[in-house]
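**Student:** In order, the protein sequence lines correspond to chains A and B.
Going by my numbering, the first sequence opens with residue 1, and the numbers climb by one from there.
Going by my numbering, the second sequence opens with residue 1, and the numbers climb by one from there.
No lab work stands behind these hints: they were computed from the structure.
Mixed in with the good hints there might be a few duds.
[Stated by the list, open to error] Straight-line C-alpha distance at most 35 Å; calculated DSBU-like pairs for lysine-lysine: (1) B/Lys332 - A/Lys26; (2) B/Lys285 - B/Lys207; (3) A/Lys26 - A/Lys418; (4) B/Lys53 - A/Lys225; (5) A/Lys53 - B/Lys337; (6) A/Lys26 - B/Lys337; (7) A/Lys332 - B/Lys285; (8) A/Lys337 - B/Lys48; (9) B/Lys100 - A/Lys372; (10) A/Lys337 - B/Lys337; (11) B/Lys53 - A/Lys337; (12) A/Lys72 - B/Lys94; (13) A/Lys337 - B/Lys94; (14) A/Lys471 - B/Lys26; (15) A/Lys337 - B/Lys207.
There are 2 protein chains.
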Amino acid sequence: MSQEAANGGSPRGRVLTLENMNPNVKRVEYAVRGPIVQRAVQIEKELKEGVKKPFTEVIKANIGDAHAMGQKPITFFRQVLALCSYPELLEDDKFPSDAKNRARRILEACGGHSIGAYSASQGIECIRQDVARFIERRDGGIPSNPDHIYLSTGASDAIVTMLKLLVCGEGRDRTGVMISIPQYPLYSAALADLAAVQINYYLDEEKCWGLDVAELRRSLTEARKHCNPRVLCIINPGNPTGQVQSRQCIEDVIRFAKEEHLFLMADEVYQDNVYAEGCKFHSFKKVLFEMGPEYSSTVEMASFHSTSKCYMGECGFRGGYMEVINMDPEVKAQLIKLVSVRLCPPIPGQALLDLVVNPPQPDEPSYTLFMKERTAVLAALAEKARLTEQIFNTVPGFTCNPVQGAMYTFPRLNLSQKAIDKAKEEGQIPDMFYCMKLLEEEGICLVPGSGFGQRDGTFHFRMTILPPTDKLKFVLEKIRDFHLRFTQEFS
Amino acid sequence: MSQEAANGGSPRGRVLTLENMNPNVKRVEYAVRGPIVQRAVQIEKELKEGVKKPFTEVIKANIGDAHAMGQKPITFFRQVLALCSYPELLEDDKFPSDAKNRARRILEACGGHSIGAYSASQGIECIRQDVARFIERRDGGIPSNPDHIYLSTGASDAIVTMLKLLVCGEGRDRTGVMISIPQYPLYSAALADLAAVQINYYLDEEKCWGLDVAELRRSLTEARKHCNPRVLCIINPGNPTGQVQSRQCIEDVIRFAKEEHLFLMADEVYQDNVYAEGCKFHSFKKVLFEMGPEYSSTVEMASFHSTSKCYMGECGFRGGYMEVINMDPEVKAQLIKLVSVRLCPPIPGQALLDLVVNPPQPDEPSYTLFMKERTAVLAALAEKARLTEQIFNTVPGFTCNPVQGAMYTFPRLNLSQKAIDKAKEEGQIPDMFYCMKLLEEEGICLVPGSGFGQRDGTFHFRMTILPPTDKLKFVLEKIRDFHLRFTQEFS
Numbered sequence: 001m002s003q004e005a006a007n008g009g010s011p012r013g014r015v016l017t018l019e020n021m022n023p024n025v026k027r028v029e030y031a032v033r034g035p036i037v038q039r040a041v042q043i044e045k046e047l048k049e050g051v052k053k054p055f056t057e058v059i060k061a062n063i064g065d066a067h068a069m070g071q072k073p074i075t076f077f078r079q080v081l082a083l084c085s086y087p088e089l090l091e092d093d094k095f096p097s098d099a100k101n102r103a104r105r106i107l108e109a110c111g112g113h114s115i116g117a118y119s120a121s122q123g124i125e126c127i128r129q130d131v132a133r134f135i136e137r138r139d140g141g142i143p144s145n146p147d148h149i150y151l152s153t154g155a156s157d158a159i160v161t162m163l164k165l166l167v168c169g170e171g172r173d174r175t176g177v178m179i180s181i182p183q184y185p186l187y188s189a190a191l192a193d194l195a196a197v198q199i200n201y202y203l204d205e206e207k208c209w210g211l212d213v214a215e216l217r218r219s220l221t222e223a224r225k226h227c228n229p230r231v232l233c234i235i236n237p238g239n240p241t242g243q244v245q246s247r248q249c250i251e252d253v254i255r256f257a258k259e260e261h262l263f264l265m266a267d268e269v270y271q272d273n274v275y276a277e278g279c280k281f282h283s284f285k286k287v288l289f290e291m292g293p294e295y296s297s298t299v300e301m302a303s304f305h306s307t308s309k310c311y312m313g314e315c316g317f318r319g320g321y322m323e324v325i326n327m328d329p330e331v332k333a334q335l336i337k338l339v340s341v342r343l344c345p346p347i348p349g350q351a352l353l354d355l356v357v358n359p360p361q362p363d364e365p366s367y368t369l370f371m372k373e374r375t376a377v378l379a380a381l382a383e384k385a386r387l388t389e390q391i392f393n394t395v396p397g398f399t400c401n402p403v404q405g406a407m408y409t410f411p412r413l414n415l416s417q418k419a420i421d422k423a424k425e426e427g428q429i430p431d432m433f434y435c436m437k438l439l440e441e442e443g444i445c446l447v448p449g450s451g452f453g454q455r456d457g458t459f460h461f462r463m464t465i466l467p468p469t470d471k472l473k474f475v476l477e478k479i480r481d482f483h484l485r486f487t488q489e490f491s
Numbered sequence: 001m002s003q004e005a006a007n008g009g010s011p012r013g014r015v016l017t018l019e020n021m022n023p024n025v026k027r028v029e030y031a032v033r034g035p036i037v038q039r040a041v042q043i044e045k046e047l048k049e050g051v052k053k054p055f056t057e058v059i060k061a062n063i064g065d066a067h068a069m070g071q072k073p074i075t076f077f078r079q080v081l082a083l084c085s086y087p088e089l090l091e092d093d094k095f096p097s098d099a100k101n102r103a104r105r106i107l108e109a110c111g112g113h114s115i116g117a118y119s120a121s122q123g124i125e126c127i128r129q130d131v132a133r134f135i136e137r138r139d140g141g142i143p144s145n146p147d148h149i150y151l152s153t154g155a156s157d158a159i160v161t162m163l164k165l166l167v168c169g170e171g172r173d174r175t176g177v178m179i180s181i182p183q184y185p186l187y188s189a190a191l192a193d194l195a196a197v198q199i200n201y202y203l204d205e206e207k208c209w210g211l212d213v214a215e216l217r218r219s220l221t222e223a224r225k226h227c228n229p230r231v232l233c234i235i236n237p238g239n240p241t242g243q244v245q246s247r248q249c250i251e252d253v254i255r256f257a258k259e260e261h262l263f264l265m266a267d268e269v270y271q272d273n274v275y276a277e278g279c280k281f282h283s284f285k286k287v288l289f290e291m292g293p294e295y296s297s298t299v300e301m302a303s304f305h306s307t308s309k310c311y312m313g314e315c316g317f318r319g320g321y322m323e324v325i326n327m328d329p330e331v332k333a334q335l336i337k338l339v340s341v342r343l344c345p346p347i348p349g350q351a352l353l354d355l356v357v358n359p360p361q362p363d364e365p366s367y368t369l370f371m372k373e374r375t376a377v378l379a380a381l382a383e384k385a386r387l388t389e390q391i392f393n394t395v396p397g398f399t400c401n402p403v404q405g406a407m408y409t410f411p412r413l414n415l416s417q418k419a420i421d422k423a424k425e426e427g428q429i430p431d432m433f434y435c436m437k438l439l440e441e442e443g444i445c446l447v448p449g450s451g452f453g454q455r456d457g458t459f460h461f462r463m464t465i466l467p468p469t470d471k472l473k474f475v476l477e478k479i480r481d482f483h484l485r486f487t488q489e490f491s
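Isolated chain A (complex conformation) (with noise of 0.2 Å):
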């Protein structure tokens, strides 16, 4: 090949290169999507072209994404989005009333009557307040304030924002921000684009993935020696460890982050996905207010929600809120103006998450259908964190702890050292090596641990719980038969 084509027909080689591209993009990694889901999608079209293999289809447990899973659309959610997109079926007698009456309380505060206008850059404010009133009844009755609360592309659009807002100085003095390890990857990948410092604090495994504030601690002294560490990010119900935080774990971080100085994030997305018994949501709202005014009015925080998780699974609509308590009013301006100039969040999400702060009452012809609906997807989560605990803790070389909350198990794989040189002798880290056999002998996709974090020399993997019950068990009993012929191939 010549040096001209080689630079792409030009002799001076192309404006944008790997090597002059920008740094902190490559630096971005996002495993949840990562090399592993890419071959899962070839394999899916080597299958349709006809290539045989030994499955039928690809199963992708990689991604917390209910609906490609089978689970069905609430139902009152989509009449009243239908509603919406076609306002002339409000004359359709198809329809129940408050589907309708929600409708039409949308609309009427939508430019023009339309979702096809813009809303302002905070979100509408009818929505921004039947959002602050939802998280007054959540929380017992402590206010909330409709302004506090800016809605957003998914949660995912909120966090890089407030991560953002946060991040500044050079060298030493560059913010840190302290996540979990495992954590969810948009925090190191936002943390990566945005060059701030990574703060790696560890849950422990041992104790069912809990937070210890020793821990914190540790971490964070380590990390002043070299940034400037001003945020702590929680997820609560963890993703991708499924541990519920006790009511006291969480007054132990604030009053942690209060002591340090910290800004705390809490990523409360999966706040209706808790499972075992003995285990309830707290949120960090809550909890800071009954911690009295010491704390209330001092410690400043963010806390985020979704309509992509909990009993909806509605990912696809990328809807979302944050909630922002003590934030300085002149940043508050700033932050407006930052999201102004993607002009709105998308009006369809927003809609949805107007329907999921604000379901069907009691005294409304919804109620029924939509209680039924909801109980029945948090009911089978349930039975689904329990089987896959029960037959993963069946496998030897496994060890699982209990999927509390959110929608993952994230068990521990006892490799052998043979099958640790044979992964790095092909160059891979020893669970992707483990995943990529797995998705090329049984077709099921997962995500290694090492895309999440996690202590050197542990293994793991991450895996949705979402298959219908009967696949999940097929599933479940692939992994555990694959895994008994990998431990002994590699014996």
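With the hints as your guide, set chain B onto chain A.
**Tutor:** Leaving out everything else, chain B in the frame of chain A:
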């Protein structure tokens, strides 16, 4: 107030303040939703509360938000969206068969046949194929590859993503990005956020806001002294200036980009909005390929389109795409990784985009109504473009170029020295002073020219031509009366 109270109740002050937040964010400005719009929203609240004003409603001509100004959605689009939202409607006789077929096809391409599932981060594959076919039809058969199409959350999202890839270097090596003045402030905002160097080239107001390569060269030569110019951004049809570039001009720009080794970004979101006799939209892609392989195989380019403008005006759905040409495959892999962090663009917006690029065909039942609605919107816009130019050019002290395309007029205001002095006295930029006064006295919300950039000593405002014809006439006359009064007051 005690020091502690001033510090947000903490003796150490807040974690996050205006002083220690991200300095890039502080530099961001976005006039289209700036202070004047915030004041407009306030005035609307005052009117609701019964405060007496010299007007009864605020007319927001600050933003290209067609539905908010009363434009009705295209029936076919909304029918399909309702069907996708609530597939039970597929059984309903009320919907035409082509709408049902489109909905079925979209749903089949969605995970679990639900628009609530995530899609591939690059966008749903069959929609990217439809986009590629749309581009091929538009560009007279020049091939388009679905792998080079990236669906996005409105065009803004894709533009920011593309800029992000391109920014690197420090000091004199920092990436410089050439943007037109006047410009759409998304560009300056994104560059501030990315700490890239903004390089201004001026459009020629005397020549209908034409783009002259000599001015590009002047601006580039100047910029090379202090940064590394790598990108040239073009908006055609122009925003806020409404010019439509000739084929010759586009050829000159492409030749310049090749000679000067610049990455081209072509913002073509107003491609259907061309009104002036003798003007025609030429896509950069088509011209590039017609210039022969010397250009079409070397010049790196991204072009952007959106569901928010043209005849659809569906801003709230945040749909859009970009097509990349001659991008380094390794960079494309990085781009896919980067967009995967945000999971996917909203599915309702992707579905809407599919309908825009694949509208009803002559042999389909919805064709007649679709064409009637589309034609009516574009004809009304053409009429309003003419009306605006005509009335504004009767105002003494206004100079108004024809609105050849897009959705805005950007007239030049002759302000007296007395008015300029008065504005300075009040600490305001003169055209902000003018627009604020217009808002307070007439309830009309425009954006000052300073928000887009303009030659020193000249003053403008941007006004959309979107209000319904009668209301637009009323607005134009109100502005004329105001200007006469203003001129008298400060003569």
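**Student:** All hints, please: hold or fail.
**Tutor:** Status of the hints after comparison with the structure:
1. B/Lys332 - A/Lys26: Distance of about 12 Å is within 35 Å: holds.
2. B/Lys285 - B/Lys207: holds, 25 Å
3. A/Lys26 - A/Lys418: holds, 32 Å
4. B/Lys53 - A/Lys225: Measuring from Cα to Cα gives roughly 60 Å; hence the hint is violated.
5. A/Lys53 - B/Lys337: It holds: about 28 Å lies between the C-alpha atoms, which stays within 35 Å.
6. A/Lys26 - B/Lys337: holds, 9 Å
7. A/Lys332 - B/Lys285: violated, 41 Å
8. A/Lys337 - B/Lys48: holds, 25 Å
9. B/Lys100 - A/Lys372: holds, 29 Å
10. A/Lys337 - B/Lys337: Given that 35 Å is the threshold and the Cα spacing comes to 28 Å, the pair holds.
11. B/Lys53 - A/Lys337: holds, 28 Å
12. A/Lys72 - B/Lys94: Status holds; Cα separation ~24 Å.
13. A/Lys337 - B/Lys94: Cα-Cα ~44 Å, so violated.
14. A/Lys471 - B/Lys26: violated, 51 Å
15. A/Lys337 - B/Lys207: holds, 34 Å
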